[in-house]
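Protein sequence lines, in the order shown, are assigned to chains X and R.
The working numbering puts the first sequence at residues 22 to 146.
The working numbering puts the second sequence at residues 204 to 376.
Some hints could be false.
[Unchecked claim] Within a straight-line C-alpha distance of at most 16 angstroms, the following computed EDC-like cross-link-like pairs (lysine to aspartate or glutamate) qualify:
#1 X:K130 <-> X:D93
#2 X:K31 <-> R:E206
#3 X:K33 <-> R:E353
#4 X:K28 <-> R:D320
#5 X:K33 <-> R:E258
#6 X:K46 <-> X:E127
#7 X:K29 <-> R:D252
#8 X:K29 <-> R:E353
#9 X:K128 <-> X:D64
#10 X:K28 <-> R:E353
#11 X:K31 <-> R:E353
#12 X:K31 <-> R:D320
By construction, these hints were calculated from the structure, which means they are not laboratory data.
These figures come from a predicted structure and were not determined experimentally.
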Amino acid sequence: MNLDELKKLKEKAQRHVALREGNKKYRVVFSMGTSGIAAGARDVMTSMLDELDKRGIENVEVAVTGEIGLVDAEPVIRVEDASGEKVTYANVNAAAARQIVSEHLEKGKVVDGLAVGKIKEPEQK
Amino acid sequence: MLEELSLHILDIGMNSLAAGAKTLQIVVIENIRRDWLIIRIRDDGQGMDARTLREVLGRNRTGKKGRPKAIGLGLAFLRQTSEMCGGTFHVRSAPGRGTSVTASMRYSHIDRPPLGDLNATILALCARPDVDVQLHYRSNGQTFHFSSQEGRHDEPRRTQKTQREGATARRAA
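Chain X extracted, bound-state conformation (with noise of 0.2 angstroms):
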């Protein structure tokens, strides 16, 4: 382990808690148990956090739990918005984490093919 490394966790992390004041518009929930962390969830947090970074989006609170129950489904997110609704996504890899952010939190737009589960839906228009 590099000690330079190490002194960018302080101004990383002051940034990272700096995100969870003020009104959110998301919450992105990860599953950080056992099983998702083998399957390699904390580094598809790692690119989640930085691709957030890069498009300067702040209204996104991110999360962490511990086992949900969907093992062989690993890594999961939970994206949940103001409103109630929750989608899930299961098998979520750097590339897809990144893509989530580009399309669910700055546009609103679930990603499909992603996605394995959706409580209530959004409202009629």
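Start from chain X and add chain R according to the hints.
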């Protein structure tokens, strides 16, 4: 299996968060001269009683199928890794008194997984803003400290520093 030690740390750390920890302290010591790598993860969560502890450390666990209160494999994985690499593994825990997990391994052991991306692990644990995640990293005389709450208690720390600086200045004078 987990390919990096930092992934093991994340895994155990997530247990601490689930146990309601308010402070999560991660210590990583690399001592190449004595050929040790030591990892300690300590929390002030709810802790475990002797029976639970025996269960989570069992080698022959088959997973969590059909169990009302599931217990996973994370600790057993880390135990396996450290014993495979010529080290030891200890867990100290009691209800209400938190949990401390210590894993050591031979630094130069051919099977020892790389430490990996410790930054990404700490950042992931920092996703819980109410928990103070601390890292103490020591490698051959170099040390690094991190606390996720550092930026938040600016005021008292600044005062302390000012007092120390003042004392130094007085001594110098």
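Results of checking the hints against the structure:
no. : hint             : in the structure
1   : X:K130 <-> X:D93 : 26 angstroms, violated
2   : X:K31 <-> R:E206 : 25 angstroms, violated
3   : X:K33 <-> R:E353 : 13 angstroms, holds
4   : X:K28 <-> R:D320 : 13 angstroms, holds
5   : X:K33 <-> R:E258 : 37 angstroms, violated
6   : X:K46 <-> X:E127 : 10 angstroms, holds
7   : X:K29 <-> R:D252 : 39 angstroms, violated
8   : X:K29 <-> R:E353 : 14 angstroms, holds
9   : X:K128 <-> X:D64 : 23 angstroms, violated
10  : X:K28 <-> R:E353 : 14 angstroms, holds
11  : X:K31 <-> R:E353 : 9 angstroms, holds
12  : X:K31 <-> R:D320 : 14 angstroms, holds
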